[in-house]
Amino acid sequence: GDSVTQMEGPVTLSEEAFLTINCTYTATGYPSLFWYVQYPGEGLQLLLKATKADDKGSNKGFEATYRKETTSFHLEKGSVQVSDSAVYFCALRVTQGGSEKLVFGKGTKLTVNP
Amino acid sequence: DSGVTQTPKHLITATGQRVTLRCSPRSGDLSVYWYQQSLDQGLQFLIQYYNGEERAKGNILERFSAQQFPDLHSELNLSSLELGDSALYFCASSAGTGIVNTIYFGEGSWLTVV
Chain Z
17 GDSVTQMEGP VTLSEEAFLT INCTYTATGY PSLFWYVQYP GEGLQLLLKA TKADDKGSNK
77 GFEATYRKET TSFHLEKGSV QVSDSAVYFC ALRVTQGGSE KLVFGKGTKL TVNP
Chain G
96 DSGVTQTPKH LITATGQRVT LRCSPRSGDL SVYWYQQSLD QGLQFLIQYY NGEERAKGNI
156 LERFSAQQFP DLHSELNLSS LELGDSALYF CASSAGTGIV NTIYFGEGSW LTVV
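Protein chains in written order, with the numbering used here: chain Z, 17 to 130; chain G, 96 to 209.
It cannot be assumed that every hint is accurate.
[Claimed, not checked] Examples of chain G residues lying across from chain Z (beta carbon under 8 Å, computed):
(1) S97
(2) F185
(3) I198
(4) G203
[Stated by the list, open to error] Calculated from the model, a selection of chain G residues having no Cβ within reach of chain Z, i.e. all distances over 12 Å:
(5) A109
(6) Q112
(7) S175
Everything labelled a hint here was simulated from the structure, so no lab data went into it.
All C-beta atoms, glycine included, are put in the ideal place defined by N, C-alpha and C.
Isolated chain Z, as found in the complex (with noise of 0.2 Å):
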């Protein structure tokens, strides 16, 4: 079935290291890819997203390439700070028919230290 897996966490950065959290996928078809970030005592946000191969989602100075080749949808930042500190899922959308759902990886904390 269709499945999601992400790197085990915690990660523990410096503020202004560079992070990545890897995140591989099992999919029938082409799905569309999320990140996806919790912040402490908060819901899920949707960070960025990519609908086709060789797509690249970005926002906030995060970035995401979706690989078909690699199925993979590995999450970078150049520089992290701080603010960055949550909890982030990567996800993939599976649709059929009428129907439609977000499978989850379990989710990568990350804890930026100043």
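Chain Z is fixed; fit chain G onto it per the hints.
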């Protein structure tokens, strides 16, 4: 603010009891989703409704039920509660289904079963 409103934000109840979680989708959104987030299971898709009609069912227990009303708000009913039902329950909404539709999440309802 995603525009998806969930009530209550926090709820503490005893085992064996029944609770109802309520969700108001973003204005104009026809599709509503329910997810459960727990430490051991991660983010699990429960159910999707589209314009009052059930469209997809995930890992939803028989003790749980949901519905979407003509005004498009949705309720998730949890009955015969067990300790393991303690979790963060998210509601999400989207305009419809398909590539162009983004799924927006509410801030969640924290349920604690004691």
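Structure-based check of all given hints:
no., hint, result
1, S97, "holds, 7 Å"
2, F185, "holds, 7 Å"
3, I198, "holds, 6 Å"
4, G203, "holds, 5 Å"
5, A109, "holds, 25 Å"
6, Q112, "holds, 25 Å"
7, S175, "holds, 25 Å"
Checked against the numbered hints above, the structure violates none of them.
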